[in-house]
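K.L.:
Hints are included, so try docking the two chains, each in its own frame, into the full complex.
If you read the protein sequences in the order shown, they are chains A and B.
475 is the number that the numbering used here gives to position 262 of the first sequence; each next residue is one higher, with no gaps.
1035 is the number that the numbering used here gives to position 20 of the second sequence; each next residue is one higher, with no gaps.
Treat each hint with caution, since some may be false.
As the list claims (entries may be wrong) - With a straight-line cut-off of 30 Å between C-alpha atoms, the simulated DSS-like cross-links for lysine-lysine are:
1. K279(A) x K1429(B)
2. K1339(B) x K1365(B)
3. K1323(B) x K293(A)
4. K1354(B) x K1447(B)
5. K362(A) x K1270(B)
6. K1339(B) x K1270(B)
7. K1339(B) x K1323(B)
8. K1447(B) x K279(A)
9. K362(A) x K1265(B)
10. K293(A) x K1429(B)
11. K1265(B) x K1339(B)
12. K1323(B) x K1429(B)
13. K1270(B) x K1199(B)
14. K1323(B) x K1265(B)
15. K1447(B) x K1429(B)
16. K1354(B) x K1270(B)
17. K1447(B) x K1339(B)
18. K1365(B) x K1354(B)
Think of the hints as simulated: they come from the structure by calculation, not from any bench.
This structure is a prediction, so every number in the text was calculated from the model and none was measured.
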Amino acid sequence: MTIVSLRKRKIQITPYLFILPHLIFFVVFIGYPFFSGLYISFFQYDYLRPEATLFVGLQNYIDLFKTGSVKFIEFWNSIKVTLTFVIYSVPFLVIIPLGLAILLNTKIAGTKFFRAVYFAPWVLSCAVISLIWWWIFQSQGGLLNYYLKLIGFDTPRWLSTMPYAMITIVVATIWWTMGYNMVIFLAALQDIPNDLYEAAEIDGANSWQRFVNITIPMLQPVLIFIIIITIIASFNLLGQPLMMTRGAPAQPTGGGATEPVMLRIFNEGFVRPFQGSAAAMSVIVAIIMMVFSFTNFRIFRQRD
Amino acid sequence: MKRITRFVLPLILVLGLLLSACGTAATPEAPAQPAAEQPAAEQPADACGVVELQYWNPFTGPDGPFMGEMVNAFNAEHPDIVVTMVSQGEYYTQLSTAAAADTLPDVAIVHADQVSTQAFRNVLRPIDDLVAEMGISGDDYPAGVWAAGEVAGHRYSIPLDIHPMTAFYNADLFAAAGFTDAPKTGEEFDAVAAAITSGDNKGFDITGGFPVQQIFQMMLQQFGGSEFNADGTEATWNSEAGVQALQWMKDVQSKYSEPNLEVDAELNAFKTGTVGMVWNGIWQTTNVTGDGVEFDGRATAVPQIGPKMAVWAGSHQFTMPAHKTVDPCKDQAAAIFIKYMIENSVTWAKAGQIPASISVRASSEFKAIEPQASIAPSVEFAFFPPSVPGITDAFGPLGEAVGAVMNGTTDDIKAALDDAATRANEILAQNKATYGDAPKAP
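Isolated chain B (complex conformation) (with noise of 0.2 Å):
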């Protein structure tokens, strides 16, 4: 016995000392600023005195320093207000158990889908008066962004970027199959990829898991199809288009892409060398172009495979938590903080993501950032699903389709596009029954 103790009781204080790094593992905080006498263009009035703000947002990974450069430069800007940064991840968790003890931050990114749900559940506030007020308007948003922070009739939130599905290729490999731009439309797609792929080559890998349902979104708006009718109550995807649009995903899998990939690897077989283009979101930029690869890796937007032009993609929108007690002085500054943030977007554009504002996208700063700015066009094709509580729990069985599908676990496309279908409708009918019409008056 004496022995083990002997051996154990360091291992177990090895353990405790482990777990107790993970436990004071420190979340990234901005720390304030509070920069000199500097004038500014709008402050609180002065009977707030400085105000401090909490923001929150999921910006865990490289994105985070570059909004904390934001905030950094906003409280340099604004003496009289102090905002705090903090990024966390199981983000959603997180905001309903601040919800629960009245410890929401003043102000709190969140993600176009989630929106809806998060006002039905009381962690949002409608915010139209401050949108009024800041002088923001839907004309500078593409429309889909816009109306996905609309919930029953008010306004919950303004849209911060669009990240899109964007397409990566590796240019080297192009170029030794003789081609020099990335496709544009199906049949480029085709003579590239067919090209491309030969031996261990392959000219377009797909995974059975994120993002494949994704693709298989912005497939079946390609070919004219929709998820889910206008008001988000019945589930749509079983269309003629849809079976069209998972039909393309298998037969490109089956020509140009190596079998039964799990979630990530086409990007690690991209960042080898050996695939010619794979699909997956903007924010993996700076993973498989630049300096992340050893070729020559470049980013794009994606073709146009089907009649029309869609591009999926999601949205990181401002929002403003509820609180029991609304401090008048918080939202003032609150509203300051994230037109400024809106205005100055510019630089969360380097982080790798398209600003939604128009007018910023617009501007000559914006425009000068490769590839954010040749992607930029794409945005414009985003759709987002309808602003109705609970619709990513909809998107559950779909998921579980197309990577069934994807993974060769079935070969009937329409059977299993269908069954996901009945199985969301009876997702979307509990999800109307127990969140109702309208969120709880604010």
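So that you can see chain A by itself, here it is in the shape it has in the complex (with noise of 0.2 Å):
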């Protein structure tokens, strides 16, 4: 179609027409943000009272690593409970949807509706969720402490002690998100030819084997595409904590054992109001976020 010259070099306009629609959405709302959100990182910022706004340079991320201040010590401690977070509950994301996704890919009566089933609760909002598993795990006729007791049980308090707190929290998002992955895991599943499948077996490889040597090499791409996912969202933890602890139980040094970083911004920006030093948070974190994709390119392509 059209062409234009440029310095001798030609530059198809076509493709660059067909991106225009997303890349205007991308610049309006990721784009214009995450450099306004930098550029208000270096000063003490309300947008309520323009007439307060001050150059501060580096000092929103100097206070965020001064030992000892308040805000060092309730951003770090999220950071702590996100990453917390990530660590439980990425293996689990990861490993229950392959497990379940290969044994929804055999060929038995009813594996249509067992994937309905498991990814159902994906469909549910994260407030309703957080509701249910707050009245299983809740210490007054909470249906979990009531079984518990029934066979003679302890019957911890899930929701206030730690490291209840945190297992509820982990378990509640496992139940609501493993659906999404199973669903990628088998369509990834359906794309490996059966004949690799056959000549194993030819060869004489047991299922483990056939499971090491071809699902697996085979999945990768998918692994790695689920794996990173899986982290930024679990990173973007928020709701779960935010309906069913609360950020509790609190700690005599600052700061909630399962406030996650999300709800500290929010806090740090909405409610104090310091939009500067929340926006300084908020490039901490996404650099955090970006080293961890990025490590997790690298460890994952090594293997290519």
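P.N.:
So, in structure tokens, the structure goes:
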């Protein structure tokens, strides 16, 4: 189609026209806010008090690294909470859906039904699943403790003591989101050509060998994708602790034992309201997430 | 692949439907009901015609319909003013985004401890002149709740109600233990709590989450302490009184309560009928008394445990948000509306609140509303935090310290309170530095 000659190089416009609509949304909702956030992070800033805007350079960042200050304690506590959640939840959110996908990829009766069953929680909103699990875990007549008591087990305070509070959030999240990963794994499994398995079978490979030597390598690109999006999704933890534990239990040194970093940033920016330092926190979290994703790519690409 | 699409697609459709259902969830609005020819006492000047007012509040719970009823009554009596009420959650986020877009309502409810912050953030404007015009003065209110509406020498709000910490008790358990009256002193409290605590029954349940920080504030005041110094520049809850207060809470927890309860667990336990007493906000009245429970659940004023009576309370206050251009017609109409709502706040009492106005509380109509009327005397002992911006931020560390002690994360009461005070002082200093001494000139 249209070809523009620019310094003797030829640039096709058509492809850019195709990505233009998305580009506009990307610029408006991601590009601009990102750079605007970066800019704000160098200011003392509250959008309702323009008269108080003050350039503070790196002060918002320095505050977050000043040992013993309130911001330092609260911010790094919440980072620790979120990282703990990522470490606990991501392996389960990869392994369980993979296992389910393999089970549901077999030709037995009722697979469609089970696929729908395992996927179903994912369509619920965060508030709904949080409430469901709150009712299961809560201490006064909650389902779990009721049955634990019946069979004579200890009845921990799931929502207000550690490590149980974190466990409840991890369990609720796994139940909620495993269906999504499972569907992606299922799609990938069905793309693996059957003749590979047949050939392996003829060569005498048992099912474990087939899994390790065919399934896993063939799934690798999808596996990397799943791990990365699951890490990012887990980093964005917010609703479950907000609804189930409200950050409890409180810690004497400051911060809640289940207060995730996204909640801290929201509170800093909209409750306190110091949008400058909230923006600085966001930038640091973004850097941490980038490092995570990059490391992931590196680790998995080495196997190629 | 195809098979997957076949079952994923319908699910995505369902998801879409669910999401859109959430998106269109309506906020309760009180429909304007312009009534027929009805003479009203006060009307804005004829030049204004029919004035439309937007009125926002955070009453998304069961109290919303009572407020809607009051607004409808006002609209019926004032054909020249049409008030539209909007109740919404995430209230202060809504207010601040509306402030940024200059789409704030004409009248808004703001909590007492938020008035100063919202004033400094240019969400509210001073209304000294209008309050004088309305003929409303501080004489009709307890000093504390009236002072909460004054920021840097200017009046920003008029109290509508006071919602105090309330003692709820299970009269059936009381009777079984040989008691008829709710405790009014520390000794009586111990006696009844000890008598009820046996087996699965607990005398007094207290959690490690909301409202333990508020209970601590109340005990601190009762033992003669206070949360902050008078000008709100320093946290003072780590005093002798503070240690006494928290020690008392820890003691009653170990003697009469289940340990390590999460937020709301005390209410749920109370509703099962196995708990003698719980303390929570007066807004829980319908939840844990009357038809809300299968036993004889009652609400009354909290007892005096320490040497000095004090009751934690919050307060909803009428404010007028800031606008780029001020419309005198709307101001006048808003003043008429606010005055009407205050004078008729006896309807609001039915929603489970105590009217702030002394004259309304003295009316025979209010005195007929139980249990509000018998809780009402306690609001004379209500205390409010100093009116400085960002004061609620400074309560954050206190909530953490009290929660940590009650949840057993730490045993060292003094150290926890000291540590929290240090952090709160840092926050207060930061707030002082960013907010300055007075809001931007209106």
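K.L.:
Now tell me, hint by hint, if it's right for this structure.
P.N.:
How the hints compare with the structure:
1. Taking the CA atoms of K279(A) and K1429(B), the gap is about 25 Å. The hint holds against a cut of 30 Å.
2. Proposed proximity of K1339(B) and K1365(B) is contradicted: the alpha carbons are some 37 Å apart, above 30 Å.
3. Taken as a hint, the K1323(B) and K293(A) pair is broken in the structure, with Cα atoms around 43 Å apart against an allowance of 30 Å.
4. Annotation: proposed proximity of K1354(B) to K1447(B) is violated, straight-line Cα distance about 34 Å (limit 30 Å).
5. Restraint check for K362(A) and K1270(B): satisfied, since their Cα atoms lie roughly 22 Å apart, inside the 30 Å limit.
6. Note on K1339(B) and K1270(B): the hinted pairing is violated, with a Cα-Cα distance of about 57 Å set against a maximum of 30 Å.
7. For the proposed pair K1339(B) and K1323(B), the alpha carbon gap of about 47 Å is over 30 Å, so the pair is violated.
8. Only pairs whose Cα atoms come within 30 Å are accepted, and K1447(B) paired with K279(A) is accepted, the gap being roughly 20 Å.
9. Between K362(A) and K1265(B) the CA atoms are separated by roughly 26 Å; this keeps the pair inside 30 Å, and the hint holds.
10. Between K293(A) and K1429(B) the CA atoms are separated by roughly 26 Å; this keeps the pair inside 30 Å, and the hint holds.
11. This hinted pair does not check out: K1265(B) and K1339(B) have alpha carbons roughly 51 Å apart, beyond 30 Å.
12. In summary, the hint linking K1323(B) to K1429(B) is supported, as the alpha carbons are separated by about 22 Å, within the 30 Å threshold.
13. Proximity of K1270(B) to K1199(B) is assessed by CA-CA distance (about 19 Å); at most 30 Å being required, the pair is judged to hold.
14. Pair hint K1323(B) plus K1265(B) holds up; C-alpha atoms about 20 Å apart against a cutoff of 30 Å.
15. Taken as a hint, the K1447(B) and K1429(B) pair is honoured in the structure, with Cα atoms around 26 Å apart against an allowance of 30 Å.
16. With a C-alpha separation of about 48 Å, the suggested pairing of K1354(B) with K1270(B) is violated against the 30 Å cut-off.
17. At roughly 26 Å between alpha-carbon atoms, K1447(B) and K1339(B) fall within 30 Å of each other, so this suggested pair holds.
18. For the hint linking K1365(B) to K1354(B), the alpha-carbon distance of about 19 Å falls within 30 Å, and the restraint holds.
The structure does not agree with the numbered hints 2, 3, 4, 6, 7, 11 and 16 stated previously, though it agrees with the rest.
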